[in-house]
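Protein chains: 2
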Amino acid sequence: MNLSGTTVALDGLGVENGFDVLEAGIRLAATSEGIGLRVFGPASELDLADLNRVEVIDSTDQITNEDDPVPSVRSRPDASIVRAVADVAAGNSDAVVSLGSTGATMAASTFGLKRSRGVKRPALAAQVPLPGRTVVFLDVGANVDVRAQHLVQFAWLGAAFAKSVLGVERPEVGLLSVGEEAGKGREEVVEAHAALTGADEFEFVGNVEGRDLPAGVADVIVTDGFTGNVVLKALEGTVKTVVGAISEAARKNPVSAVGGLMMKPALGGLRRDLHPDTTGGAILLGLRKTAVVGHGSSGAEGVANAIRVAARAAAVDAPGLTEEMLHRVGANRGSIGSEPGV
Amino acid sequence: MNLSGTTVALDGLGVENGFDVLEAGIRLAATSEGIGLRVFGPASELDLADLNRVEVIDSTDQITNEDDPVPSVRSRPDASIVRAVADVAAGNSDAVVSLGSTGATMAASTFGLKRSRGVKRPALAAQVPLPGRTVVFLDVGANVDVRAQHLVQFAWLGAAFAKSVLGVERPEVGLLSVGEEAGKGREEVVEAHAALTGADEFEFVGNVEGRDLPAGVADVIVTDGFTGNVVLKALEGTVKTVVGAISEAARKNPVSAVGGLMMKPALGGLRRDLHPDTTGGAILLGLRKTAVVGHGSSGAEGVANAIRVAARAAAVDAPGLTEEMLHRVGANRGSIGSEPGV
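Chains as they are written, first to last, in the numbering used here: chain A, 1 to 342; chain B, 1 to 342.
Keep in mind the hints are simulated off the structure, nothing from the lab.
It is possible that part of the hints are untrue.
It does not matter which identical chain is used: a pair holds within one copy or between any two.
Claimed, not checked - Each computed EDC-like pair below joins lysine to aspartate or glutamate, with the alpha-carbon atoms no more than 16 Å apart:
#1 K184 <-> E209
#2 K184 <-> D20
#3 K120 <-> D145
#4 K184 <-> D67
#5 K120 <-> E209
#6 K184 <-> D68
#7 K240 <-> D58
#8 K240 <-> E209
#9 K114 <-> E323
#10 K184 <-> D145
#11 K120 <-> E323
#12 K184 <-> E66
#13 K184 <-> E248
The task is simple: from the sequences and hints, build the whole structure.
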């Protein structure tokens, strides 16, 4: 995919590993794919004048994880994330990327980029890298309470993303619940199951259970933002605990210590495979433009990957394709966005 | 702890690995601790006549995972799980253990053993074995929808179990949510957080996130039965995926293949440490007697551990201590079971 026609607005504040890492990430994305960048960060810290199509717009006001997102976004027009979003809204950039506060990025993007026509609730989608395939998992934190129709929309948002950006022709979509049977789970899950059955632009594989997520049984797995957030973090934490316990076991036992040393390259590969940085972070779906939130702890590769995902989504016009798909489905099936009482 | 005065009613149907494994598990528990057993299973398959205080009561009607639990339990008084529960209710046994359908065990126990005074909703608690400590995680499937007061009760139920059965003097209790701040999460979680703050018989450590569960940051972690079920299964699945990916990586790479071979004992130990069988399955808390559901896939050690947990809970009268604690708290704080509208 040629990304040299795209421009990404980058919030240049919030990378935990410092401006050197940020700069290295920007260089990677700009030189390997020719992505244009408008960086809203401190001009004194970022020396990027040698790069084509990379501009630094001096910004020093950072909304951090300690700030309350909504009031901060509303009251601080000079904050780097607010300016980066405004740059997209003004048409100077095609997508926004932040490595800073997820809450601030969600709030700024939802206000500044607007929801796509027909979308009730934008959702935050993580790309979970698993041996075998990458699973689009949503919602991982935008909506802690949902109704059935929101879950149904998340399925369409996730499927449209898998199709347009990841190139999965006919995505398999699963609904997270406490059992495989259609009647298992909360009321809204049971309702969503019924509404998704027979969907014709993706393959609805029915309910999937917690164990099916790490097994990678579907391209898209749908849940509410409370469950999704907790499960995603538990998954990341478990990988860390298991890899840590293996290293510990290897260190303690002289025989397996040698084995552990020899395993190191394989373990490193696995850690990289399962590390969220590999896929460039989470994407806010359901807005008219693309917004991506990378991990604050990203290295240069993580920063570059977050920029690449955003550029790719912009290049294929993922928001436009998603809106079209939702519209087509809403017209054909009447099951989305048309329930009473909302 | 001397368990030779306890008698456990064992549902003898539902062990996936066959009656030989069940028998071996029974022998382990009976001979190592002298636990008495009344086994409701097929007399033709179980040869236990040589054991003291172990009796087989011929039962062949099994409620399986395919059966709808509530109607099955109500209509099949001869089912092994229904008879085992009735045996406890009649005072012949002190606790019930099943390796079969979790749903059937929950239904039979709730009907047959009755809730403890003041308990609104019994909860299913898993003991999650982690490097460092065992975490009591509840609810993992009994209640897919909860109110704040149910979460508060789960905290007390879990703390009472950790105290009386696991011997943790002052259990640390965490509330699972999407952020550490008191205001983060669903409405019922925010309310429960407020109600738990200042609890004086355990240490309320506040909200914990998904990543904190595998890290083992508390002795008891509380959530609703939907989230808990999904997270527990995701955790088990992730361990399996990671261990599988390590074996795969080791096989593919000739250098790390040797390393992998040398790591094998360490990996085996880890798999055992993190395997749910290690702790003997899940416990239904909030009933007047103890009910334990072991994994259907248990080996002999898993069967024995499920029996041991039940015997231990009965020996210390965990249900009685729990009821006492709830009563004391309800009287002192007025925050449990006294909210309006329930």
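Cross-check of the supplied hints:
no. : hint          : result
1   : K184 <-> E209 : within (10 Å within a copy, 25 Å between copies)
2   : K184 <-> D20  : neither (50 Å within a copy, 33 Å between copies)
3   : K120 <-> D145 : within (13 Å within a copy, 23 Å between copies)
4   : K184 <-> D67  : between (39 Å within a copy, 13 Å between copies)
5   : K120 <-> E209 : neither (26 Å within a copy, 27 Å between copies)
6   : K184 <-> D68  : between (37 Å within a copy, 11 Å between copies)
7   : K240 <-> D58  : neither (37 Å within a copy, 48 Å between copies)
8   : K240 <-> E209 : between (22 Å within a copy, 15 Å between copies)
9   : K114 <-> E323 : within (12 Å within a copy, 53 Å between copies)
10  : K184 <-> D145 : between (18 Å within a copy, 12 Å between copies)
11  : K120 <-> E323 : within (12 Å within a copy, 45 Å between copies)
12  : K184 <-> E66  : between (38 Å within a copy, 13 Å between copies)
13  : K184 <-> E248 : neither (40 Å within a copy, 34 Å between copies)
Violated hints, in rising order: 2, 5, 7 and 13; the structure is consistent with all others.
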